[in-house]
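Build the full structure now, drawing on both the sequences and the hints.
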Amino acid sequence: MKTGAVRHGFEDVRPLQAVPQLWKLRPRSRLVRFTLAALALLVVYAWCAGDIGFDEMFTARRAQNFERFVGTEIQPFELRAEPFSLMRHVEWAWDLGVARGFEGALATLAMSILAMTLAASAASLLLLFAARNVATRDPFQSLETAGARGLSWRLVTATTRAVLIFLRAIPEYIWAYVFLALFGPSAWPAILALALHNAGILGKLGAETVENLEPRSLSALRQLGATRAKIVVAGLFPLSLSRYLLYVFYRFETCVREATVLGMLGIVSLGYWIQESRSRQFYDQMVFFVLLGAVIVFAADLFSTFVRARLRRA
Amino acid sequence: MKSSAELPLLARPAWIGPRGTAILLLTAASIAAWFLLDLTPRALIPHAGGIEVAKRFFAGALQPAFEYESEVPPGTRPILVTVLEYARRTVVFATAGMSLALVLGIVLGFFASSAWWRGEHIGGASRTGRFLARTIWPFVWLCTRGLITFMRSVHELLWAVLFLAAFGLNTFGAVIAIAIPYAGTLAKIFSEMIDEAPRDSGLALRQIGSSPITVFAFGLLPRALPDMCAYAFYRFECAIRSSAVLGFFGFPTLGYGLAQAFENLHYHEVWTYLYALMALVIVVELWSGAVRARFVA
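These protein sequence lines are chains A and B, in that order.
In terms of my numbering, the first sequence opens at residue 1 and continues consecutively.
In terms of my numbering, the second sequence opens at residue 1 and continues consecutively.
Where hints are given, some of them may not hold.
Chain B regions said to be covered by chain A (calculated; three or more residues, Cβ under 8 Å) [claimed, not checked]:
id : stretch
1  : 82 to 95
2  : 241 to 252
20 Å max Cα-Cα, derived SDA-like pairs, lysine to any residue [as the list claims (entries may be wrong)]:
id : chain 1 : residue 1 : chain 2 : residue 2
3  : B       : 188       : A       : 308
4  : B       : 55        : A       : 180
5  : B       : 55        : A       : 184
6  : A       : 24        : B       : 55
7  : B       : 188       : A       : 303
8  : B       : 188       : A       : 302
9  : A       : 24        : B       : 294
10 : B       : 188       : B       : 204
11 : B       : 188       : A       : 250
12 : B       : 188       : A       : 298
13 : B       : 188       : A       : 246
14 : B       : 188       : A       : 150
15 : B       : 188       : A       : 295
16 : B       : 188       : A       : 309
17 : B       : 188       : A       : 305
18 : B       : 188       : A       : 294
19 : B       : 188       : A       : 219
20 : B       : 188       : A       : 253
21 : B       : 188       : B       : 260
22 : B       : 188       : A       : 301
23 : B       : 188       : B       : 226
24 : B       : 55        : A       : 183
25 : A       : 230       : A       : 216
26 : A       : 24        : B       : 223
27 : B       : 188       : A       : 216
Worth flagging that the hints you see were computed from the coordinates, not collected in a lab.
Glycine included, each C-beta is placed from N, C-alpha and C at the ideal position.
So, in structure tokens, the structure goes:
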């Protein structure tokens, strides 16, 4: 071996052995291996436990149902007797849209916008108590991670985090179901349901963002004598706003998707008309409303992608 | 003394940046939405009946039921066993749906990503390779993008409703209803992760003449795999929530028991179901959080 060669772990490994050697040195985690094994077992169990009526799916009766559904039921009722004409179908869809669909779609968008604003505002306050580097006795005193945090502050973060996890563990649909019983039918149950669930998610993501902030400028503010509120308003919010808004618009997309469905509980959004035509077995109208829902979700998706691209460039 | 001309040249500050515009836009849209929906704060004050319901509902939170609230025929399973059974089925449907979605999502994600065929040196030297890379793969890419967008634009509950209408109530319908939109989402995110992963090893493979498939399998996929696993685990958590909600449409998951208890005004039982669902989701979230921390170092 030449003198002066860089010493490293592989010096006496010949090239052909290097790959197996590297393979042996690969990072391994017991938790990851256990998880993969457990999930594989779970998948096998799920398919074999007998809860999924796989055979029952492919019976003659179901085939008949399907044929009837696709063959006649989803075709516009008024046009079934006529020969197929694209113009008449478009006309039919437009009339249905003007009568109910477009208003429902607009209400769906309005609900998700309001819910997003509420969730974003609520979560921006909650995250201050969930972020471990802010909710501490001596925030941004040193550039290292927060030192001793004190029992009471740790209790504050633990409680806030528990509230956030509670908010997001319950699906929007169940929140809406509960609020509908409390407030009666208006748009509020849907808005509150969407807002609560998303506040739980945004609070968590926002707290993570704040915890990963570069503490230099916050520390500088502190050394200038800024109060807690000043640090938050002048340093913390501007620094984390970009990322937070990215999350908000990412959730907006999901929010529109959920808002469509919440109407099925009897709140006037697109879902209301889906449920209504479903209960009357007007499957032609139902399919139209489902497709209209897909269109607004797609539009919201495009909009959110556009806004996020603009924000990311800024 | 330094003249001001020597200061570094900065762009003039804008009045409102893109972020401010986004916030103003959101605020204006919210105000418009408020009037569009005819909202009043008064509607938020529950009516007298609502207050009564609210009281009894939140009282239930402190005392979830450990026994049925009404008389049940002898020989009925204890409520905790019933709840566990519903929880088990919730996991079963979520897992089955997710496993289907994962397979579909990987296949569709492969065709929806462009890093393995786009760029220089595509398709190696052979004529068929170049033809594939310049015409076929872009076409397939476009079609796949359209397909996955449609798959995830329709909510899983709406897929379930469509299947209910087309086939009638069938548990396999619940599995497919979860699998389709989740496959669309997984495919979208997977393809983005593959396209955004570091290209170094992919480019190296391409320069020594590897086929696009080799570039994908050995150059790109390994770089994106940890993120993909982490994301798939996160979606599993969502699948459990979706699976629970499918119960509201007659499938035997937690939502089914919850809706029944709610309709019978058994609020203590409602909370037993809610706590079971919460426990399930929180366990999976903590678990997936721990695994993600190992994966994405």
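Does residue 294(A) lie within 20 Å of residue 188(B) when you go C-alpha to C-alpha? Between residue 188(B) and residue 294(A) the Cα gap is close to 16 Å, so the pair holds against 20 Å.
Satisfaction of hint between residue 216(A) and residue 188(B), Cα-Cα up to 20 Å: Answer violated: residue 188(B) to residue 216(A) is near 37 Å, above 20 Å.
Given pair status - residue 295(A), residue 188(B), alpha carbons within 20 Å: 17 Å, holds
Check whether the Cα positions of residue 188(B) and residue 204(B) lie no farther apart than 20 Å. Between residue 188(B) and residue 204(B) the Cα gap is close to 26 Å, so the pair fails against 20 Å, i.e. violated.
Against the 20 Å threshold, does the CA-CA distance of residue 188(B) and residue 302(A) hold or violate the hint? 13 Å, holds
Holds or violated: are the alpha carbons of residue 188(B) and residue 253(A) at most 20 Å from each other? Since the Cα atoms of residue 188(B) and residue 253(A) sit roughly 14 Å apart, the hinted pair holds (cutoff 20 Å).
Take a quick look at whether residue 188(B) and residue 308(A) sit within 20 Å of each other, Cα to Cα. 16 Å, holds
Please verify whether residue 24(A) and residue 294(B) have alpha carbons no more than 20 Å apart. 18 Å, holds
Within a Cα-Cα threshold of 20 Å, do residue 188(B) and residue 260(B) meet the stated pairing? The given pair, whose Cα atoms are some 37 Å apart, is violated under the 20 Å limit.
Restraint check for residue 188(B) with residue 298(A), where alpha carbons must lie at most 20 Å apart: 13 Å, holds
Given hint residue 305(A) paired with residue 188(B) - CA-CA distance at most 20 Å: 13 Å, holds
Between the alpha carbons of residue 24(A) and residue 55(B), is the straight-line distance 20 Å or under? 61 Å, violated
Hint check: violations occur at hints 6, 10, 14, 19, 21, 27; the rest are consistent with the structure.
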